[in-house]
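All residue numbers for the sequence shown refer to numbering that gives the first Met the number 0, where the first residue is 0 and numbers rise by one.
Mixed in with the good hints there might be a few duds.
What the hints assert, rightly or not - Derived lysine-lysine pairs resembling DSSO-like cross-links, with alpha carbons at most 30 angstroms apart:
(1) Lys137 to Lys184
(2) Lys70 to Lys42
(3) Lys42 to Lys137
No wet-lab data here; the hints were simulated from the structure.
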Amino acid sequence: MSYESILSGLSKLLGALSIDQWLQVLGVLFVALAAREASRIGKRQNEINQRLLELQDFVAVVIVPFDSLIKVLNVGGQNLYLWGFDLPANPQWFERPRLLAAGAREQAWYWLPPPSPTAVQQGLEFSIVLYLEDESGKKWKSEHGGVLDHVVLKEKDGQPRKECSIRIWSYKIKSMEESDWEARKPKA
Numbered sequence: 000m001s002y003e004s005i006l007s008g009l010s011k012l013l014g015a016l017s018i019d020q021w022l023q024v025l026g027v028l029f030v031a032l033a034a035r036e037a038s039r040i041g042k043r044q045n046e047i048n049q050r051l052l053e054l055q056d057f058v059a060v061v062i063v064p065f066d067s068l069i070k071v072l073n074v075g076g077q078n079l080y081l082w083g084f085d086l087p088a089n090p091q092w093f094e095r096p097r098l099l100a101a102g103a104r105e106q107a108w109y110w111l112p113p114p115s116p117t118a119v120q121q122g123l124e125f126s127i128v129l130y131l132e133d134e135s136g137k138k139w140k141s142e143h144g145g146v147l148d149h150v151v152l153k154e155k156d157g158q159p160r161k162e163c164s165i166r167i168w169s170y171k172i173k174s175m176e177e178s179d180w181e182a183r184k185p186k187a
């Protein structure tokens, strides 16, 4: 059957329709078109909703200097578990993770010891890596950096004591493959 014969047959069929039948055909076509558009809009809205859910559950950690400690703050949308960290000359891994509660900000934080002035050179950058797990079990590596600005000898109770000033910053968080996570964990 050729295209011309199909058009000719359709033309004869449509020409034989009354006004009421024409209105019914147009109504069916309108409903079909509206259903198709509603489906397209619904699919796009589902994509938007999925993205909004992902944004609610984002993972974000910052570290900031605080007195003689380094504060670890969860500024993301879900609870995180700190399994360990790498500091210069002080890598640590916990048997049981430390909870970093979502939404608690300054009210709930974990602390890290600052790097020893003997482990880093004054004025040179050093790195800090945190090993985290989210509530769904996904593993994360949070990268940070810092600089030991200066070391001052102060006396406390007649004893000399080194105090340092550090600048700290956060780079980014990357998801970790399970094999990389297992390679980082200490062997039992």
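Evaluation of the provided hints:
Between the alpha carbons of Lys137 and Lys184 the distance comes to roughly 15 angstroms, so the proposed pair stays at or under 30 angstroms and holds. With a C-alpha separation of about 43 angstroms, the suggested pair Lys70 and Lys42 falls outside the 30 angstroms cut-off, and the hint is violated. At most 30 angstroms may separate the alpha-carbon atoms for a hinted pair to count; Lys42 and Lys137 meet this at roughly 27 angstroms.
In the structure shown, a violation is registered for the earlier hint numbered 2 alone.
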